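Since chain A is already given, all that's left is putting chain B on it; use the hints.
Protein chains: 2
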Amino acid sequence: MNGLYLVTDRNCCGPRLLDRVVLEALKGGCMCVQLREKNLPTRPFIEEAQRIKAILAPFRVPLIINDRLDVALAVGADGLHIGQDDMPYTEARKWLGPEAIIGLSVEKWADVEQAQDLDVDYLGVSPVFQTPTKTDTTGAWGLDGIKKIRSFSRHPLVAIGGLNAGNVKDAVMAGADGIAVVSAICAASDPYQAACELDSIIRDALKNRNTLSQ
Amino acid sequence: MNGLYLVTDRNCCGPRLLDRVVLEALKGGCMCVQLREKNLPTRPFIEEAQRIKAILAPFRVPLIINDRLDVALAVGADGLHIGQDDMPYTEARKWLGPEAIIGLSVEKWADVEQAQDLDVDYLGVSPVFQTPTKTDTTGAWGLDGIKKIRSFSRHPLVAIGGLNAGNVKDAVMAGADGIAVVSAICAASDPYQAACELDSIIRDALKNRNTLSQ
Numbered sequence: 001m002n003g004l005y006l007v008t009d010r011n012c013c014g015p016r017l018l019d020r021v022v023l024e025a026l027k028g029g030c031m032c033v034q035l036r037e038k039n040l041p042t043r044p045f046i047e048e049a050q051r052i053k054a055i056l057a058p059f060r061v062p063l064i065i066n067d068r069l070d071v072a073l074a075v076g077a078d079g080l081h082i083g084q085d086d087m088p089y090t091e092a093r094k095w096l097g098p099e100a101i102i103g104l105s106v107e108k109w110a111d112v113e114q115a116q117d118l119d120v121d122y123l124g125v126s127p128v129f130q131t132p133t134k135t136d137t138t139g140a141w142g143l144d145g146i147k148k149i150r151s152f153s154r155h156p157l158v159a160i161g162g163l164n165a166g167n168v169k170d171a172v173m174a175g176a177d178g179i180a181v182v183s184a185i186c187a188a189s190d191p192y193q194a195a196c197e198l199d200s201i202i203r204d205a206l207k208n209r210n211t212l213s214q
Numbered sequence: 215m216n217g218l219y220l221v222t223d224r225n226c227c228g229p230r231l232l233d234r235v236v237l238e239a240l241k242g243g244c245m246c247v248q249l250r251e252k253n254l255p256t257r258p259f260i261e262e263a264q265r266i267k268a269i270l271a272p273f274r275v276p277l278i279i280n281d282r283l284d285v286a287l288a289v290g291a292d293g294l295h296i297g298q299d300d301m302p303y304t305e306a307r308k309w310l311g312p313e314a315i316i317g318l319s320v321e322k323w324a325d326v327e328q329a330q331d332l333d334v335d336y337l338g339v340s341p342v343f344q345t346p347t348k349t350d351t352t353g354a355w356g357l358d359g360i361k362k363i364r365s366f367s368r369h370p371l372v373a374i375g376g377l378n379a380g381n382v383k384d385a386v387m388a389g390a391d392g393i394a395v396v397s398a399i400c401a402a403s404d405p406y407q408a409a410c411e412l413d414s415i416i417r418d419a420l421k422n423r424n425t426l427s428q
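First to last, the sequence lines map onto chains A and B. Under the working numbering, the letters of the first sequence match residues 1 to 214, in that order. Under the working numbering, the letters of the second sequence match residues 215 to 428, in that order.
Chain A on its own, in the form it takes in the complex (with noise of 0.2 Å):
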């Protein structure tokens, strides 16, 4: 999960389509795309996840499903990432098998201490700092929660919320390894090119804090 991970929100895309969108991101640099709808019927939801997953192919880029285990299912996802308020953890690792990715959003300390105990692939440190995108939260968790988690986690951390080119250098020194956005590359105007700086910022952060800790 080290990397730039691309959180959806067509509603964020304007006049562009999430398809071209997510396409730019993935030339950008892109590493994981997490195909996020709160809104859309089951139905048009498993298409946009087809259309998304042939799009990521070419690019080995895994495909993660924002709650929904059962699209997840359907098209055959590479994994689920759930929120607090989303499936239990154990219920989406029996149905999705031992090889998916299952990323867990954590928005306190015990959802820290209890995701220690899950075999999660990452925690979801949400939010960072606060976002219009995503209101349903308490709290940010602030560069200094990314420390803190990055201390007692045995887990890989993806920050999300509010993260941009510039604050995302202090995310992956704090201790992220993959660095989320939503607005950051859906509402840019030119997706491609605010992957490309995002990507580029992400590799040098990581690549200076492991030259740092050695």
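You can trust all of the hints, since none of them are fake.
Think about it this way: if two alpha-carbon atoms lie no more than 20 Å apart in a straight line, the pair counts; the simulated SDA-like pairs of lysine to any residue are:
{"hint": "1", "chain 1": "A", "residue 1": "Lys-94", "chain 2": "B", "residue 2": "Gly-311"}
{"hint": "2", "chain 1": "A", "residue 1": "Lys-94", "chain 2": "B", "residue 2": "Glu-261"}
{"hint": "3", "chain 1": "A", "residue 1": "Lys-53", "chain 2": "A", "residue 2": "Arg-16"}
{"hint": "4", "chain 1": "B", "residue 1": "Lys-267", "chain 2": "B", "residue 2": "Asp-223"}
{"hint": "5", "chain 1": "B", "residue 1": "Lys-252", "chain 2": "A", "residue 2": "Leu-40"}
{"hint": "6", "chain 1": "A", "residue 1": "Lys-53", "chain 2": "A", "residue 2": "Leu-23"}
{"hint": "7", "chain 1": "A", "residue 1": "Lys-38", "chain 2": "B", "residue 2": "Asp-299"}
{"hint": "8", "chain 1": "B", "residue 1": "Lys-308", "chain 2": "A", "residue 2": "Ala-100"}
{"hint": "9", "chain 1": "B", "residue 1": "Lys-322", "chain 2": "A", "residue 2": "Arg-43"}
{"hint": "10", "chain 1": "A", "residue 1": "Lys-94", "chain 2": "B", "residue 2": "Glu-305"}
{"hint": "11", "chain 1": "B", "residue 1": "Lys-252", "chain 2": "A", "residue 2": "Pro-44"}
{"hint": "12", "chain 1": "B", "residue 1": "Lys-308", "chain 2": "B", "residue 2": "Gln-298"}
{"hint": "13", "chain 1": "A", "residue 1": "Lys-38", "chain 2": "B", "residue 2": "Arg-250"}
{"hint": "14", "chain 1": "B", "residue 1": "Lys-383", "chain 2": "B", "residue 2": "Ser-427"}
Source of the hints: derived by calculation from the structure; they are not laboratory data. This structure is a prediction, so every number in the text was calculated from the model and none was measured.
Chain B in isolation, oriented as in the chain A frame:
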């Protein structure tokens, strides 16, 4: 799928808990319960389904989940009801297995024809009459629609939409095997009495119909 079939609507239950309305419907003769939640996050939907399943167990009445295969799998429900905008039938069958009850809503004639080749357990004829509890449908089948479907389809028919004590006899005589209601029980001042009355009319009509057809 013969008899009285309850489709839940929490918002319709007023100050009474859904759990209590379901229990009273079961005591009143309800033969099947479909849990329908279009706006509940996954985790509370699963928790509600687990509660309702426990209430149904002593009555040996099947629990059908509306739309959400993930919830059905997580709670081990007896079946799934899918609409034309939900999970494709073949995917639902693949994950739920041959023993599960899978119902499919038909909203236009093409749906009825397509369903003929599917091993669905019943067709939901939806809506029979216009109703305020479900607004995403086009047109209404009417009693003539039930007759037309009955003369063509090989599947049991569950009629839904605007059915109440005043018209369920006609729906059964037109060919409905099951009668699904939402507000006729959920919004009734006495859900137990409402269920008893509906159950009595439906059973008499089924006997009457079967006698006439011999």
